[in-house]
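Trainee: Each chain, written out:
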Amino acid sequence: MFGLAIWLAIALVPVSWPLSDPGRSPFRLGPISADVPAGQTFRATEPFDRISIPVRIGGPSGQTNQLSLRIDLDGVNGSQSVRSGTVRVKSASDRMEQITFEFEGPIAVSKLLYFEIEVSPSAERPTFTMATRADQTVDGRLYLERAPGFADQDLVFQLLRRQSSRERLTAWWSLYPAMLVTGAFLLALVHITVFSIFKAVAEAEVRWLRRVRPSVATLLTVAVSLGTIFAFAFFR
Amino acid sequence: MDFGIPAYEYVTTLLAALAAPMAGVQIVRWILPQERRLLVVLGIGGSLGIGLVTFALTALAALLPLYLVIGAVQLTTIALAIRAVDGIRRGQFRLEFGSWAFRAAVAFLFLALFVAAVGYVSSVWYGNSHENLLIQLALSSHLAAGNWPPVNPWEPDYVQTYRFGGQLWTAAVSLTTQADIFVSGLAVTLVATAFLLLGVYAFISLLVNRAAGLLAAIFVTVAAPQNFLSLLLANYPDYSPSVAYTLAEHLNRFKQGYVLGTAFEQLAAFNFTVLVGIAGALGAAGLSVLLARERTIRPVAILAAAAAFGGASITTEHLFPVLAGTIGIVALVLLVRKRLSAAAGLAAVVALGTLVGVLATGPLNAAIFGDAEATSSYIQWYPGDLFTLPTREILSPGSTSIFFQTESIGRAELLGPLMWKQFGWLLVGIGGCLAIAIWKRRPEIAVPALAAFIMLMIPGVLRDVLNPHNTGRFVVAALVMAAMSLGIVVDRLWRQSGQLKAVGRVVASGLAVLVGGTWLLTLPLLPMEFQAYESPVLADELEAARFAAALPYPQRALLLPGPRTFAELNSSLGDGMHKYAVTFGRLRVPMGFDNLGHRDDYEEPYAEAQDTLALERLQELRIDLIYVAVDQISTDQGRLLEAAVEGGYLREAFTSTGDARRIYEVVTGVPDVPS
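Top to bottom, those sequences are chains Y and H. Residues 1 to 236 (this note's numbering) make up the first sequence, in order. Residues 1 to 675 (this note's numbering) make up the second sequence, in order.
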């Protein structure tokens with residue numbers, strides 16, 4: 001019962017966690033690759049024929065990766081696309097370099113465009129670009145692996161962002177019921193296993209453990225372990 | 001989400017799958033009537049039974065009709081299993097542990113099984129990985145439809161020279177219970193995992209002692225690269241804004257590491273049939289330990305061990321060299337020590353096991369008796385990579401580990417810095433186990449370390465030029481063997497007394513943390529595997545697949561839009577529609593598989609058929625059905641479909657409730673094709 005109370009408190013007590021605001025400071029995103037594509041939606045105010053983005057290629061100086069830029073003219077995963085010419089980008093210093101991708105003809109103003117950096121599948125060096133945690137504008141959304149980026153993908157952020165406990169539980173039950181059930185079942189199994197281990201060790205005549213209540217030791221062990229992991233994940 | 005699977009199927013398939021290991025338990029009761037340790041009998045017998053069943057199914061199916069073989073094998077195993085359960089019920093065995101230690105072991109086993117179940121289920125419905133659905137369950141599903149000899153669903157004019165022992169067992173469970181293939185795969189995964197871990201316990205218990213056996217089973221479960229150590233050093237802003245995000249998004253890479261291998265925990269999600277193979281191998285290994293102690297030759301035990309050896313080799317051919325090499329070396333050692341009966345027994349296991357493994361239909365048979373040109377072209381002897389292991393760069397050029405390795409390297413030195421950072425515990429486990437064997441003058445203690453060493457050497461002397469990451473699969477088995485070795489080392493360290501007591505226990509605890517740290521750290525993230533269904537229109541997908549499965553088997557289909565390359569096949573392209581269509585719809589898609597297959601025969605005509613939907617192209621590939629993801633086709637593809645329907649050679653046969661999937665039938669006998 002004590003354990004249940006601890007977990008209910010964690011789930012229900014409204015706490016402002018450090019991840020409540022995803023922030024807009026830029027960070028270096030990558031390595032992106034053919035397997036892990038990155039892109040962004042945007043709205044053009046006038047026709048254009050080139051896009052410039054920050055890129056860095058890792059590895060020893062002088063190595064190159066082939067990159068191109070694809071624009072989906074009818075939004076993310078659209079059926080109509082145009083590709084820029086291929087650009088060979090050299091690894092150089094540790095900083096980002098503005099790389100310009102040029103298209104054959106001007107691209108007209110459209111409802112919502114999406115560009116994606118295409119890294120050659122045979123690229124031998126890691127490729128990085130820049131991104132921000134939060135979307136810069138309503139239209140300019142970061143996409144990772146063709147799904148909405150950080151703020152939408154980070155379920156830990158979703159779980160702990162500032163909201164009432166009722167909203168939190170309702171949102172999780174409606175959006176991720178399988179995750180919620182799995183989490184609860186996992187937690188129960190871990191408690192049972194750790195409890196059994198404490199009892200078994202006490203049974204094996206480890207004296208100091210006989211003075212400890214296995215149920216309290218279990219709750220403390222699991223809570224401290226999980227707490228350490230989560231604290232590390234948030235505060236590092 | 002309702003998958004349309006009745007709840008009772010989860011029970012019936014589990015019971016049907018349990019028949020195989022329990023039959024093995026009965027066989028071990030006959031071979032070892034004096035053995036009273038319950039977990040040892042369950043471990044050796046259970047894993048032996050899995051090896052025997054996979055062997056029997058594959059070997060007999062080459063001689064008799066498939067359904068007859070499945071019926072006969074299942075009936076025999078059920079009869080034996082009933083006798084085994086009766087023996088246990090009558091209390092003929094004793095528990096090796098105190099009551100709470102036993103409960104702790106059972107609780108940990110359930111935790112391991114829960115993790116395996118989450119991995120398997122997420123691989124099928126949540127796109128956690130692709131191999132299970134794309135390859136293992138697809139072949140199982142087609143085998144259950146009577147596909148024997150096993151024609152490759154992606155190359156329907158060719159027999160598949162792939163490993164299929166585990167898939168055949170899954171099909172047998174499905175046919176016996178008339179259950180869905182997904183549930184049958186789940187039952188096989190859980191039963192194989194449980195008896196594999198029991199097999200590890202029994203094997204190491206027989207070699208060393210029960211504490212080492214218990215530790216070995218725990219370490220095998222949690223063994224992974226030491227990537228958790230890198231969390232303190234990793235340069236996170238290079239990858240993502242938060243540790244939590246990085247871990248959640250790249251969980252599989254984190255568990256897998258940069259050196260190409262797969263943590264045991266991931267096997268259920270990546271390729272559940274490897275669990276079946278390793279379980280069978282442990283049965284053969286456990287019986288071999290007993291044979292090595294015999295003063296007389298035991299023909300029944302030799303035959304059983306050899307058959308399980310063959311079954312494991314057919315199911316996971318990478319286990320063949322380690323079984324043959326390890327048991328063969330032990331036989332030689334026994335010969336030198338003039339233990340002639342024991343040496344002869346083990347030599348007979350290797351000889352017979354090799355024979356049955358090679359003669360039965362399977363990958364070894366195909367390698368020796370198959371297309372000589374094809375086999376000799378991709379496996380090459382290449383000792384130039386000696387003492388190195390392949391890395392993820394082979395699999396995904398340009399990718400890096402998020403953690404220790406920031407720059408791409410193709411191979412890792414076996415004793416180099418990267419190996420110490422990622423697999424320090426593995427090196428200590430192998431080295432420590434060998435040192436203990438020498439120190440204690442008990443060569444049998446070195447057996448798991450020897451097996452791990454053999455497996456780690458193979459990627460350095462063999463090169464697979466067409467599919468290079470295949471050699472990395474030897475590392476998967478090496479991790480299991482090395483975790484067993486570490487169990488022996490930690491047990492020995494913990495038993496140190498006097499001045500070394502404290503040091504021994506500190507080092508033992510440190511090694512335990514190294515081997516299991518990543519598993520412990522990522523356990524709270526397990527629910528993330530159920531983040532979102534791979535297909536947003538899963539109900540429609542399953543509805544269409546079940547319609548296709550109800551049609552007379554086989555049906556050849558073209559998928560629209562669908563993949564064209566192996567990389568696209570092995571992905572979530574099109575929300576994974578191709579995987580569901582081929583596995584649950586039992587469709588054969590003539591598009592070609594990987595480099596080892598016959599891609600050249602299919603690549604061009606299939607691409608043209610997809611691009612044009614021209615009748616002559618469809619007829620050339622003998623397409624019966626067009627399986628269409630309506631929510632994903634382009635405007636041009638929609639127009640092509642309309643034209644084909646108007647032309648009279650495509651007829652709509654099925655539309656799903658949400659209209660996300662349609663199936664068109666190719667109408668034959670249409671003389672003119674509209675331009």
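To be clear, the hints were calculated from the coordinates, so they are not data collected in a lab. Where hints are given, some of them may not hold.
Partial list, derived from the structure: chain Y residues whose beta carbon lies under 10 Å from chain H [as the list claims (entries may be wrong)]:
no. : residue
1   : A34
2   : I51
3   : I53
4   : E118
5   : P121
6   : A184
7   : V224
8   : L226
The structure presented is a predicted model; accordingly, all values stated were derived computationally and were not measured. Beta carbons: idealized from backbone N, C-alpha and C, even for Gly.
Trainee: Compare the structure with each hint and give your call.
Mentor: Taking the hints in turn, this is what the structure says about them:
{"no.": "1", "hint": "A34", "result": "holds, 7 Å"}
{"no.": "2", "hint": "I51", "result": "violated, 22 Å"}
{"no.": "3", "hint": "I53", "result": "violated, 17 Å"}
{"no.": "4", "hint": "E118", "result": "violated, 12 Å"}
{"no.": "5", "hint": "P121", "result": "holds, 7 Å"}
{"no.": "6", "hint": "A184", "result": "holds, 9 Å"}
{"no.": "7", "hint": "V224", "result": "violated, 12 Å"}
{"no.": "8", "hint": "L226", "result": "holds, 6 Å"}
In the structure shown, a violation is registered for the earlier hints numbered 2, 3, 4, 7, in ascending order.
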